[in-house]
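K.L.:
Residue-level listing of the chains:
There are 2 protein chains.
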Amino acid sequence: MAKNITSREDNYSQWYNDIVKQADLAENSAVRGCMVIKPHGYAIWEKMHDALDKMFKDTGHVNAYFPLFIPKSFLSREAAHVDGFAKECAVVTHYRLINNPQGKGVVVDPEAKLEEELIVRPTSETIIWDTYKNWIQSYRDLPVLCNQWANVVRWEMRTRLFLRTAEFLWQEGHTAHATREEAVAEAERMLEVYADFAENYMALPVIKGIKTPNERFAGAEDTFCIEAMMQDGKALQAGTSHFLGQNFAKAFDVKFLNKENQLEYVWATSWGVSTRLLGALIMAHSDDNGLVLPPKLAPIQVVIIPVFKDEIQLKAISEQVLPLIQKLRDNHILVKYDTDDSKRSGWKFNEYEVKGVPVRVAIGPRDLENKQAEVARRDTLEKSILPLENLDQTIAQLLDNIQQNLYRKALAFRDSHIREANTWDEFIDILDHQSGFVQAHWDGTPETEDMIKEKSKATIRCIPFQNPLTPGKCILTGKPSKQRVIFARAY
Amino acid sequence: MAKNITSREDNYSQWYNDIVKQADLAENSAVRGCMVIKPHGYAIWEKMHDALDKMFKDTGHVNAYFPLFIPKSFLSREAAHVDGFAKECAVVTHYRLINNPQGKGVVVDPEAKLEEELIVRPTSETIIWDTYKNWIQSYRDLPVLCNQWANVVRWEMRTRLFLRTAEFLWQEGHTAHATREEAVAEAERMLEVYADFAENYMALPVIKGIKTPNERFAGAEDTFCIEAMMQDGKALQAGTSHFLGQNFAKAFDVKFLNKENQLEYVWATSWGVSTRLLGALIMAHSDDNGLVLPPKLAPIQVVIIPVFKDEIQLKAISEQVLPLIQKLRDNHILVKYDTDDSKRSGWKFNEYEVKGVPVRVAIGPRDLENKQAEVARRDTLEKSILPLENLDQTIAQLLDNIQQNLYRKALAFRDSHIREANTWDEFIDILDHQSGFVQAHWDGTPETEDMIKEKSKATIRCIPFQNPLTPGKCILTGKPSKQRVIFARAY
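Residue numbers (the numbering used here), protein chains in the order written: chain A, 1 to 491; chain B, 1 to 491.
Excised from the complex, chain A in its bound form (with noise of 0.2 Å):
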């Protein structure tokens, strides 16, 4: 069927376009780099948020709201934070617009300059230290444990829908403690139950480890980080964890009086996800077809289509069907019974295929007489004709069922594309010809990664925690190494 969608195969980029497009999940705005996220989509990212959000809860975690704006001064504060996010960003300069003196519209009001420039916030680590200073005095304040649901900006040159945007919402969490331990603790924590949404909500298999250095995030001492692989072997950075050390709280001068009655700085941490694993999402587990959801992320798990030539047959099938609904939403499952009659049950079939919706069933007039439905899995693509009789516990079972077998072949995919390489022509073969993950031997040093990097493409993901610590030889410099690292071309 015509679905104008290309194929993996063909040009994995335009699928990926193709399938955000006909899914009806985001596009681009007027406005160079910031997208909008369609309803479909948003919808999705709203169980993101449900689900991630109970989790922090039940982690101890509040939520709050800190400002968009950010003084243009606080971002020199913190040395490497400044290197890493004061550069390509929104800078308001002025708060007022006139009527155009020379003619049509309006214009930026010369006189309304702003004293100090304000940064639309890539990050909010410098308003909020700056927030949390007033609110820390003693370790009976300790620990802060906020979480923050916003959308921020970075003036990212070449934008993808979900992928990289200009404007993206996302959740970040900023966590003061009184000792390095319980900081550390923190940032570990938060990464696995990253790992644990990322596998259990989006069923994506993720290795959980450890930046080098180069990767680290601009003001952290550690950034821990999950990394997934894409159906074209490509990496995706699913989410980071941040311990930041005392970075932060010596820029702000954040101090506590601990139980000794002493004077510490404060210990932090931050962690985020965003608007970008909806682009993981996507190109984890879609085919050719169009989009297909694990079913703890779809805003519509089953979808039922009578079919039907006139109200009488629709009535009869609305009878049998009615009760199953009620059993389904009775077990929390999320069902639409669609009953427009302005559109064909074939356009029907194609329409929630392309939007991913997990189990669609259709019932007409001869499966009524025969007590039994049509039943449909998107993440298979098979069709079975199953009884009427207890449906709604074969449905049930049937999402658990989609669920876990879409993380089982992206599990089995991601675990046939990891390879070693021992030289660098293997190296290099597997990056090129096989794609995927490569765990390779480095010799250590920032300059070997960014020499790599340049003559590869490809960056170092992460050393994975609990890494064996086999000695070998680097790929580049032939240098003593202690590990392999994962190295990966990514998103």
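If you're looking for bench data, these hints aren't it; they were derived computationally from the structure. Backbone N, C-alpha and C fix where the C-beta goes; we use that ideal spot for every residue, glycine too. Incorrect hints may have been included.
[Unchecked claim] Calculated cross-link-like contacts (lysine to any residue; reagent style SDA-like; alpha-carbon spacing at most 25 Å):
(1) Lys54/B x His40/A
(2) Lys57/B x Thr339/A
(3) Lys348/A x Asn63/B
(4) Lys355/B x Gln137/A
(5) Lys455/B x Ile210/B
(6) Lys255/A x Ala396/B
(7) Lys21/A x Thr179/B
(8) Lys57/A x Gln171/B
(9) Lys336/B x Val108/B
(10) Lys87/A x Gln102/B
(11) Lys355/A x Leu142/B
(12) Lys343/A x Leu142/B
(13) Lys343/A x Gln262/B
(14) Lys87/A x Asp400/B
(15) Lys133/B x Thr159/A
(16) Lys54/A x Asn151/B
(17) Lys104/A x Gln246/B
(18) Lys113/A x Asn63/B
(19) Lys250/A x Asn99/B
(20) Lys336/A x Trp170/B
(21) Lys47/A x Trp149/B
(22) Lys54/A x Lys355/B
(23) Lys87/B x Gln102/A
(24) Lys336/B x Asp141/A
(25) Lys104/A x Lys355/B
(26) Lys355/B x Tyr139/A
(27) Lys54/A x Trp170/B
(28) Lys343/A x Lys54/B
(29) Lys47/A x Lys355/B
(30) Lys343/A x Asn151/B
(31) Lys54/A x Val108/B
(32) Lys47/A x Ser76/B
[To be verified] In silico contact screen, one side only, chain A against chain B (beta carbon under 8 Å); selected entries:
(33) Glu46
(34) His49
(35) Leu118
For this one, chain A is given, so just place chain B on it according to the hints.
P.N.:
Quick look at chain B alone, frame taken from chain A:
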């Protein structure tokens, strides 16, 4: 007890500021006019969000997300809109900072000037209608029923936490319809949703009505509003819903092919409520002891405080309390059991009172012996000794009772503060010495409305729906008037 809260009688305005501070709801940030919404304040906003979001979805709306930035030229497209919104706003002129060539810190890169300035959205009609242009071709694409949860910025000179801030959080609904009638019906329906929310969740009685042309939204043909009375007798506009006619469709050239195959401009509405509602909530119910929250919007509805001297006593209390908590939670009641032994019970009593928790249960060893507990209600400050048996049911009823009592009390206060004035002297006397709303005649002209506002600082809050058409004479000019309208000084 010294709570650092000024009494309402001494200084109402200071009382408000004290409540916001002592109940830990919000604070000013380092950025002029931008607030930090603290965890307790944000938790109340989340309750508001969740209740409203469900009401929007139940009336057929979906959420989406549109860009933070609006090209400057968009604001000029709708003539009235630019006058109302384009003036005091945050203007982004540059997209890069560079290291200061003259020394420390960063400066705006003069090379990185935007060709067209971007405005941080003060409201999103323009960018959304620019988007709808691509979504709407035929009557089959209508209606479009989108809502957005977002932050917006209006460069206010005088700001007050929640009531008027440069940045605030809100929702904005933007709908597109095939006919005038359908759009008007939508604008009216959403005003009903707001009134329902105000009355049944916020326990805040509101007057539904229509704004005069002077007070209309910039770009609207009609603005419907709900107006609430605060405890000082001043009015607060708690929500607005606008019938926008075809103004934005014409400005952005959004036409559709109707069933008769003819091109027509699309009809529009927009409607919004904001974090300002938190200001309304505070001022409607709170007292000189702190915040008072209606149970339906309380992040903690019941706090249980064990009064104990040692672990053995606490254990005995917990044995009774934990099953009670389970029953309350099974009934979806939000309960906190505060066993923190680093704080005295009296301190806790005060803390939860200031923060507005509707029901406090205290239980000590003697209560255990007598199979009872002390139950205090926040609205009336009454305490009762109640049997532990069926206490979960008693509490559930008490929460309902508090919700209703707050509404009844606010309604009685409001109704006793609406007065008729027939002369200018009466009008001013009521405003200056009695406070509240004034029902008075006005000659129907914008000029007189302006003059009344200038002389009295009172504005026409609305012409109530189903207003009796009782003719009279304008209080200022003596000219004939068809009906009384509602005047008040307002937030």
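K.L.:
None of the hints should be skipped; say for each whether it holds.
P.N.:
Hints, verified against the model:
This hinted pair checks out: Lys54/B and His40/A have alpha carbons roughly 17 Å apart, not beyond 25 Å. Restraint check for Lys57/B and Thr339/A: satisfied, since their Cα atoms lie roughly 19 Å apart, inside the 25 Å limit. With a CA separation close to 22 Å, the supplied pair Lys348/A and Asn63/B stays within the 25 Å bound. For the given pair, Lys355/B sits about 21 Å from Gln137/A by alpha-carbon distance, which is consistent with the 25 Å threshold.
About 23 Å separates the Cα atoms of Lys455/B and Ile210/B, which keeps this hinted pair within 25 Å; it holds. Pair hint Lys255/A plus Ala396/B does not hold up; C-alpha atoms about 44 Å apart against a cutoff of 25 Å. The straight-line distance between the Cα atoms of Lys21/A and Thr179/B is roughly 29 Å, outside the 25 Å bound, and the hint therefore fails. With a CA separation close to 24 Å, the supplied pair Lys57/A and Gln171/B stays within the 25 Å bound.
Taken as a hint, the Lys336/B and Val108/B pair is broken in the structure, with Cα atoms around 49 Å apart against an allowance of 25 Å. Of the pairs offered as hints, the one joining Lys87/A and Gln102/B holds, with about 17 Å between alpha carbons and a cut-off of 25 Å not exceeded. Simply put, Lys355/A and Leu142/B have alpha-carbon atoms about 20 Å apart, close enough for the 25 Å limit, and the pair holds. For a cut-off of 25 Å, the pair hint linking Lys343/A to Leu142/B stands: about 15 Å separates their Cα positions.
Of the supplied pair hints, the one linking Lys343/A and Gln262/B holds, its CA atoms being roughly 22 Å apart against a limit of 25 Å. Pair hint Lys87/A plus Asp400/B does not hold up; C-alpha atoms about 54 Å apart against a cutoff of 25 Å. With a C-alpha separation of about 23 Å, the suggested pairing of Lys133/B with Thr159/A holds against the 25 Å cut-off. Of the supplied pair hints, the one linking Lys54/A and Asn151/B holds, its CA atoms being roughly 22 Å apart against a limit of 25 Å.
This hinted pair checks out: Lys104/A and Gln246/B have alpha carbons roughly 22 Å apart, not beyond 25 Å. As the CA atoms of Lys113/A and Asn63/B are separated by approximately 36 Å, the hinted pair breaks the 25 Å bound. With a CA separation close to 21 Å, the supplied pair Lys250/A and Asn99/B stays within the 25 Å bound. With a C-alpha separation of about 29 Å, the suggested pairing of Lys336/A with Trp170/B is violated against the 25 Å cut-off.
Under the criterion of a C-alpha separation no larger than 25 Å, the hint pairing Lys47/A with Trp149/B is consistent with the structure, at around 15 Å. Of the pairs offered as hints, the one joining Lys54/A and Lys355/B holds, with about 23 Å between alpha carbons and a cut-off of 25 Å not exceeded. The suggested pairing of Lys87/B with Gln102/A holds, with an alpha-carbon distance near 17 Å, which does not exceed 25 Å. A hinted pair counts as satisfied when its Cα atoms are at most 25 Å apart, and Lys336/B with Asp141/A qualifies at roughly 19 Å.
A hinted pair counts as satisfied when its Cα atoms are at most 25 Å apart, and Lys104/A with Lys355/B does not qualify at roughly 52 Å. Among the hinted pairs, Lys355/B with Tyr139/A is consistent with the structure: their alpha-carbon atoms are about 22 Å apart, no more than 25 Å. The hinted pair formed by Lys54/A and Trp170/B meets the criterion: a straight-line CA distance of about 22 Å does not exceed 25 Å. Between the alpha carbons of Lys343/A and Lys54/B the distance comes to roughly 28 Å, so the proposed pair goes past 25 Å and is violated.
Distance check on the hinted pair: Lys47/A and Lys355/B sit about 31 Å apart at the alpha-carbon level, beyond 25 Å; violated. For the hint linking Lys343/A to Asn151/B, the alpha-carbon distance of about 38 Å lies beyond 25 Å, and the restraint is violated. The straight-line distance between the Cα atoms of Lys54/A and Val108/B is roughly 40 Å, outside the 25 Å bound, and the hint therefore fails. For the hint pairing Lys47/A with Ser76/B, the CA-to-CA distance comes to about 37 Å; that exceeds 25 Å, so the pair is violated.
Checking Glu46/A against chain B by beta carbon gives a least distance of about 7 Å; that is within 8 Å, so the hint holds. Hint status for His49/A relative to chain B: violated, with the closest Cβ pair at about 10 Å, above 8 Å. For Leu118/A, the shortest C-beta to C-beta distance to chain B is roughly 7 Å, which falls under 8 Å, so the interface hint holds.
The earlier numbered hints that this structure contradicts are 6, 7, 9, 14, 18, 20, 25, 28, 29, 30, 31, 32, 34.
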